[in-house]
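We have chain A; now place chain B onto it with these hints.
There are 2 protein chains.
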Amino acid sequence: MPEVRLNQVTGEWVIIATERARRPEEFAQARERKALPRFSPTCPFCPGHDEAVPGVTFEVADGAGAWLVRSVPNKYSALMPDGDTDRHDLGLKTFLSGVGRHEVIIETPAHDVPPALLPLGMLQHVLDAYRHRFVAFYKDPRVEHVVIFKNHGEAAGTSLEHPHSQVVGMPVVPGQVRRRIEDALRYYGDLGACLYCRLLGEELADGVRVVAENASFVAFVPYAALSPFHLWIFPRRHSADFGAIRDSELADLAAVLRDTLRRLHFGLDDPAYNVVIRSLSPEEGAVKYFHWYLSLVPRVSKAAGFELGTGMFINTALPEASAAFLRNVTLPEA
Amino acid sequence: MPEVRLNQVTGEWVIIATERARRPEEFAQARERKALPRFSPTCPFCPGHDEAVPGVTFEVADGAGAWLVRSVPNKYSALMPDGDTDRHDLGLKTFLSGVGRHEVIIETPAHDVPPALLPLGMLQHVLDAYRHRFVAFYKDPRVEHVVIFKNHGEAAGTSLEHPHSQVVGMPVVPGQVRRRIEDALRYYGDLGACLYCRLLGEELADGVRVVAENASFVAFVPYAALSPFHLWIFPRRHSADFGAIRDSELADLAAVLRDTLRRLHFGLDDPAYNVVIRSLSPEEGAVKYFHWYLSLVPRVSKAAGFELGTGMFINTALPEASAAFLRNVTLPEA
Chain A
510 MPEVRLNQVT GEWVIIATER ARRPEEFAQA RERKALPRFS PTCPFCPGHD
560 EAVPGVTFEV ADGAGAWLVR SVPNKYSALM PDGDTDRHDL GLKTFLSGVG
610 RHEVIIETPA HDVPPALLPL GMLQHVLDAY RHRFVAFYKD PRVEHVVIFK
660 NHGEAAGTSL EHPHSQVVGM PVVPGQVRRR IEDALRYYGD LGACLYCRLL
710 GEELADGVRV VAENASFVAF VPYAALSPFH LWIFPRRHSA DFGAIRDSEL
760 ADLAAVLRDT LRRLHFGLDD PAYNVVIRSL SPEEGAVKYF HWYLSLVPRV
810 SKAAGFELGT GMFINTALPE ASAAFLRNVT LPEA
Chain B
510 MPEVRLNQVT GEWVIIATER ARRPEEFAQA RERKALPRFS PTCPFCPGHD
560 EAVPGVTFEV ADGAGAWLVR SVPNKYSALM PDGDTDRHDL GLKTFLSGVG
610 RHEVIIETPA HDVPPALLPL GMLQHVLDAY RHRFVAFYKD PRVEHVVIFK
660 NHGEAAGTSL EHPHSQVVGM PVVPGQVRRR IEDALRYYGD LGACLYCRLL
710 GEELADGVRV VAENASFVAF VPYAALSPFH LWIFPRRHSA DFGAIRDSEL
760 ADLAAVLRDT LRRLHFGLDD PAYNVVIRSL SPEEGAVKYF HWYLSLVPRV
810 SKAAGFELGT GMFINTALPE ASAAFLRNVT LPEA
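Which chain is which? The protein sequence lines are A and B, in order.
510 is the number of the first residue of the first sequence in this note's numbering; add one for each residue after it.
510 is the number of the first residue of the second sequence in this note's numbering; add one for each residue after it.
Bound-form chain A, shown alone (with noise of 0.2 Å):
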């Protein structure tokens, strides 16, 4: 019987439709796999084509020099930094300049090395970038909403394919977003208490959808997956400002981050996936009701008219199977 469980944070009902589901393993994407060059020398993100990136905002270096990771503004920003941010309305017609921040974050200078198959030190860095281009963007008076995400493989959106990753700005905040804070509040208001706290504490108790976890993260296939293997990252340390982040939490997010990334990677023959860190701005961090977490999803089926016409999704893959399959597999030397 196929089952319709209720997503408490994103509000939103998913269809769990076992009957459709296929194994786990049948998920690996029979995909023509191009073997990519160390180094490309058209590809704008490889070392020394510093004229393709100008105005290089923060960086990485090695012992010699060398950048390792670094962030530079995109070329094809949807965003433009000049500008003022003031509402305009003709009756029904509401607009804004379109003002804001958009950075790519360039993850290795190895054309050909995704994030899955990164040391453990320079994912740390990548995320070193992450919150450091966070933090930096919401200087900006004018900056209301920050998102960091990344795109890997074509299905899951990439035009470029040097791994990275890009940061964006925005002048708004976007009305989903607010949304799901007006829902964790009233949560908080109505029990006292946390929503993402106790939700984290039901997958630990539960345990059967739990991935991977540490001292300071847990990575978890949540109970209401909008689709498979789609996997949340919970800080342990109540929080609602990824910008606040310490220096052992991060280098314990990359642990988890590489753990959860490699199960996908050799489980499921390298998927196309999204990641997302969800967060609200510096001044919100010390808010009671929200928590900031990172969503991994992996783009193993596609959304269509349904989706489009009802916000909901079908999952044809047991959340409970998803994760037990990405706890058993077996994982080369790190």
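Think of the hints as simulated: they come from the structure by calculation, not from any bench.
One or more of the hints may lead you astray.
No distinction is drawn between identical chains; accordingly, a pair holds when it is met within one copy or between any pair of copies.
As the list claims (entries may be wrong) - Mimicking EDC-like on lysine to aspartate or glutamate, the simulated pairs with C-alpha atoms at most 16 Å apart in a straight line are: (1) K602 - E711; (2) K602 - D715; (3) K543 - D778; (4) K797 - E663; (5) K602 - E512; (6) K584 - E528; (7) K797 - D756; (8) K811 - E663; (9) K602 - E829; (10) K811 - E711.
Chain B alone, transformed into the frame defined by chain A:
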């Protein structure tokens, strides 16, 4: 300068990134095209394969008794017809059985004729089948919400090439739908008017985003369209219930929809698209604050981490330019 526009119906901001914009005709997708046969011996929806589609629930036939349009249960239904819809709560784990209805509407006996190329009378039969199944599904007291949708083309998520639509009757109201009802109710409470009627009035007054219209319906690219060529078709008569559409209105909807689909087909070389009918239930049909409509989303861009992490969209075409392009498409004789 890019612009950020508020979509008052979805409650979400859209970035109109004109700096990234392509010319409208560039959205025509140079994709491989496989000529389809008129009849496919292996297609379950082609005539003569009645054993593959047991339990026809509705049918329109020609004078000689051959079917023109029919609806059948979905063999891979996401929901099951039997069972109760009692809610269960285990802490934060809220769930119910996946009880509901899921049918396929086969739009034509011809394997190779998409809706854009159907004669007007045939498209009217398809909409008639929509209405029939919509009304029938709501007779089941366990059905809380019905969505009608269509996926055209692989990029829009279809898996079977024979032209068909789907109808799903769910045991829950999607959270997204409930939030839109709440927003529309608040608008009505504050301003004493239907948000959708107001919006239609503004679109007609502006005129620049209107693509097609007749006595009962108006097709337009919304002010804050979420993607290039995104279209809404609104009924002029206020009603929250698609099922209450009158016969004359059904004919008018077929005419406007056909005209719009033809503009997409001939102007953009048959792009993939989704169609969704957004409506409340018959018992809510008379409410003053909600208005049913049809949404048509060509899939000419891909949602990625940004959309997933914010709920917002980046539209790389100016809605006014999308509408002008569609209005100016040269159509062959109908």
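Comparing the hints with the structure gives:
no.: 1; hint: K602 - E711; result: between (44 Å within a copy, 9 Å between copies)
no.: 2; hint: K602 - D715; result: between (48 Å within a copy, 11 Å between copies)
no.: 3; hint: K543 - D778; result: within (13 Å within a copy, 30 Å between copies)
no.: 4; hint: K797 - E663; result: neither (38 Å within a copy, 45 Å between copies)
no.: 5; hint: K602 - E512; result: between (41 Å within a copy, 12 Å between copies)
no.: 6; hint: K584 - E528; result: between (46 Å within a copy, 11 Å between copies)
no.: 7; hint: K797 - D756; result: neither (22 Å within a copy, 55 Å between copies)
no.: 8; hint: K811 - E663; result: both (13 Å within a copy, 10 Å between copies)
no.: 9; hint: K602 - E829; result: between (45 Å within a copy, 13 Å between copies)
no.: 10; hint: K811 - E711; result: neither (29 Å within a copy, 35 Å between copies)
Hint violations for this structure: numbers 4, 7, 10, all remaining hints satisfied.
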